[in-house]
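Q: Spelled out, the chains give:
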Amino acid sequence: MHELSITQDILNIALQEAKNAHACKINKISIVVGQASGIVPDSVQFCFDEMKKGSIANEASLDFTIVPTQVKCRRCQHVSSPKDIIWMCDKCGSGEVDIIAGRELYLNSIEAEQEEAYENRSS
Amino acid sequence: MKIEVVKNILDANAVIAQKNKSLFDQHHVTVINIMSSPGAGKTSAILETARRLKDKMKIGVIEGDLASQVDAEKVKKEHLPVVQINTGSGCHLDANMISHAMQNLPLKDIDLLLIENIGNLVCPSAYILGEHKRVIISSVPEGDDKPLKYPIIFVDADAVIINKVDLKAYLKFDMDAFKKAVKNINPKISFFEVSCTTGAGLDEWCSWLTAASKRKS
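Line order of the protein sequences matches chains A and B. Residues in the first sequence are numbered from 1 upward in steps of one, following this note's numbering. Residues in the second sequence are numbered from 1 upward in steps of one, following this note's numbering.
Treat the hints loosely; a few may be bogus.
Straight-line C-alpha distance at most 16 Å; calculated EDC-like pairs for lysine to aspartate or glutamate [stated by the list, open to error]:
#1 A:K28 to A:D63
#2 B:K179 to B:D203
#3 B:K180 to B:D145
#4 B:K183 to B:D166
#5 B:K188 to A:E96
#6 B:K2 to A:D63
#7 B:K7 to A:E59
#8 B:K133 to B:D158
#9 B:K180 to A:E119
#10 B:K2 to A:E113
#11 B:K214 to B:D25
#12 A:K25 to A:E59
#13 A:K19 to B:D111
#14 A:K25 to A:E96
#15 B:K58 to B:E78
#16 B:K58 to B:E4
#17 A:K72 to A:D98
#18 B:K183 to A:E96
#19 B:K188 to A:D98
#20 B:K7 to A:E17
#21 B:K183 to A:D63
#22 B:K2 to A:D9
#23 B:K2 to A:E111
#24 B:K2 to A:E115
#25 B:K180 to A:D98
#26 A:K28 to B:E4
#27 B:K54 to B:D109
#28 A:K72 to A:E59
#29 B:K7 to A:D84
#30 B:K149 to A:E17
#31 B:K183 to B:D145
#32 B:K2 to A:E119
#33 B:K7 to A:E104
#34 B:K179 to A:E96
Pulled a few chain A residues facing chain B out of the computed Cβ check, cut under 8 Å [as the list claims (entries may be wrong)]:
#35 H2
#36 I6
#37 I10
Listed next, the stretches of chain A that the computed footprint assigns to chain B, with coverage defined by at least 3 CB atoms under 8 Å from CB atoms of chain B [unchecked claim]:
#38 16 to 23
#39 32 to 39
#40 61 to 70
Keep in mind that the hints were calculated from the coordinates and are not lab data. No residue lacks a Cβ here, since even glycine has one placed at the ideal position from N, Cα and C.
Extracted from the complex, chain A is given alone in its bound form (with noise of 0.2 Å):
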């Protein structure tokens, strides 16, 4: 529900990066959301397009790699992948479980193009 906070936080670091690079366009923004970071993919992909407008990612794609949810069953050490929200380990039904996975959100990796002044001056 806050992804133009999310998506404003994600433009702001991958530009930072690309400035300490020294780039001068930015490609691919990777990012890392678990299932159950509250984050929509869809979402912070429609707020991503209006605000990478005027920037040096106004090109850019953004490229999602979902974590599924994961939770450990205290009872049997069981590691169940909820299909809902309802976590339950799905060996022995227990609802004593803690989450292991699926509350990731990083930013993983950008993809960029270097100042052709720099690129000549490092090669």
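Dock chain B against chain A, hints included.
A: Frame of chain A, contents of chain B only:
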């Protein structure tokens, strides 16, 4: 070229939250982040808590709402320092908003700061503010299935207040089922069954809060 980043998207918030927490600790202020759906009774719980504890400790309040000063006005009547944050359309409080609000609070004269987050069971849990404890308020009319539908907010919480227990006789609310659903995902959580209308259970909740705020002294 590919640039490896691997950076938490909420890092900017986390950095400010850590600064907030350091400042709170420096002034020996215990901070409670109170989250619930709209209408569960956050403001009532804050007012009733303050009435019971204000002779024992100095209490401050930060009120978060999309619009209006309605809640801040209620708190002011109790003669407590209060800052109202209006987020416009924002669905949660973040650490930056708290860092600004703190500047308008007399931190050296506050022992316990109660932060009322935006009424929402989804977004507020993603944003740490610099708090020491997280408290969820659920209320009987909302039904006993909230922990099943909105599990994440309960995962990082320290306590759950179940408010409006005076309405139990009129509504189907299975208290055991509610508690079991919460304990399944967070076995260490504390429960307080209260009614801000009758006052039931509030002393027990206030004892927990007093112990939590003495933690650092």
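Q: Take the hints in turn and mark each one as holding or not.
A: Here's how the hints hold up against the structure:
{"no.": "1", "hint": "A:K28 to A:D63", "verdict": "holds (7 Å)"}
{"no.": "2", "hint": "B:K179 to B:D203", "verdict": "violated (20 Å)"}
{"no.": "3", "hint": "B:K180 to B:D145", "verdict": "holds (10 Å)"}
{"no.": "4", "hint": "B:K183 to B:D166", "verdict": "violated (23 Å)"}
{"no.": "5", "hint": "B:K188 to A:E96", "verdict": "holds (12 Å)"}
{"no.": "6", "hint": "B:K2 to A:D63", "verdict": "holds (13 Å)"}
{"no.": "7", "hint": "B:K7 to A:E59", "verdict": "violated (22 Å)"}
{"no.": "8", "hint": "B:K133 to B:D158", "verdict": "holds (6 Å)"}
{"no.": "9", "hint": "B:K180 to A:E119", "verdict": "violated (60 Å)"}
{"no.": "10", "hint": "B:K2 to A:E113", "verdict": "holds (9 Å)"}
{"no.": "11", "hint": "B:K214 to B:D25", "verdict": "holds (12 Å)"}
{"no.": "12", "hint": "A:K25 to A:E59", "verdict": "holds (8 Å)"}
{"no.": "13", "hint": "A:K19 to B:D111", "verdict": "violated (44 Å)"}
{"no.": "14", "hint": "A:K25 to A:E96", "verdict": "violated (48 Å)"}
{"no.": "15", "hint": "B:K58 to B:E78", "verdict": "holds (12 Å)"}
{"no.": "16", "hint": "B:K58 to B:E4", "verdict": "violated (48 Å)"}
{"no.": "17", "hint": "A:K72 to A:D98", "verdict": "holds (5 Å)"}
{"no.": "18", "hint": "B:K183 to A:E96", "verdict": "holds (7 Å)"}
{"no.": "19", "hint": "B:K188 to A:D98", "verdict": "holds (12 Å)"}
{"no.": "20", "hint": "B:K7 to A:E17", "verdict": "holds (10 Å)"}
{"no.": "21", "hint": "B:K183 to A:D63", "verdict": "violated (36 Å)"}
{"no.": "22", "hint": "B:K2 to A:D9", "verdict": "violated (20 Å)"}
{"no.": "23", "hint": "B:K2 to A:E111", "verdict": "holds (4 Å)"}
{"no.": "24", "hint": "B:K2 to A:E115", "verdict": "holds (14 Å)"}
{"no.": "25", "hint": "B:K180 to A:D98", "verdict": "holds (14 Å)"}
{"no.": "26", "hint": "A:K28 to B:E4", "verdict": "holds (12 Å)"}
{"no.": "27", "hint": "B:K54 to B:D109", "verdict": "holds (12 Å)"}
{"no.": "28", "hint": "A:K72 to A:E59", "verdict": "violated (41 Å)"}
{"no.": "29", "hint": "B:K7 to A:D84", "verdict": "violated (28 Å)"}
{"no.": "30", "hint": "B:K149 to A:E17", "verdict": "violated (37 Å)"}
{"no.": "31", "hint": "B:K183 to B:D145", "verdict": "holds (13 Å)"}
{"no.": "32", "hint": "B:K2 to A:E119", "verdict": "holds (14 Å)"}
{"no.": "33", "hint": "B:K7 to A:E104", "verdict": "holds (11 Å)"}
{"no.": "34", "hint": "B:K179 to A:E96", "verdict": "holds (12 Å)"}
{"no.": "35", "hint": "H2", "verdict": "holds (5 Å)"}
{"no.": "36", "hint": "I6", "verdict": "holds (6 Å)"}
{"no.": "37", "hint": "I10", "verdict": "holds (6 Å)"}
{"no.": "38", "hint": "16 to 23", "verdict": "holds (count 4)"}
{"no.": "39", "hint": "32 to 39", "verdict": "holds (count 3)"}
{"no.": "40", "hint": "61 to 70", "verdict": "violated (count 0)"}
Of the numbered hints stated above, those contradicted by the structure are hints 2, 4, 7, 9, 13, 14, 16, 21, 22, 28, 29, 30, 40, listed in ascending order.
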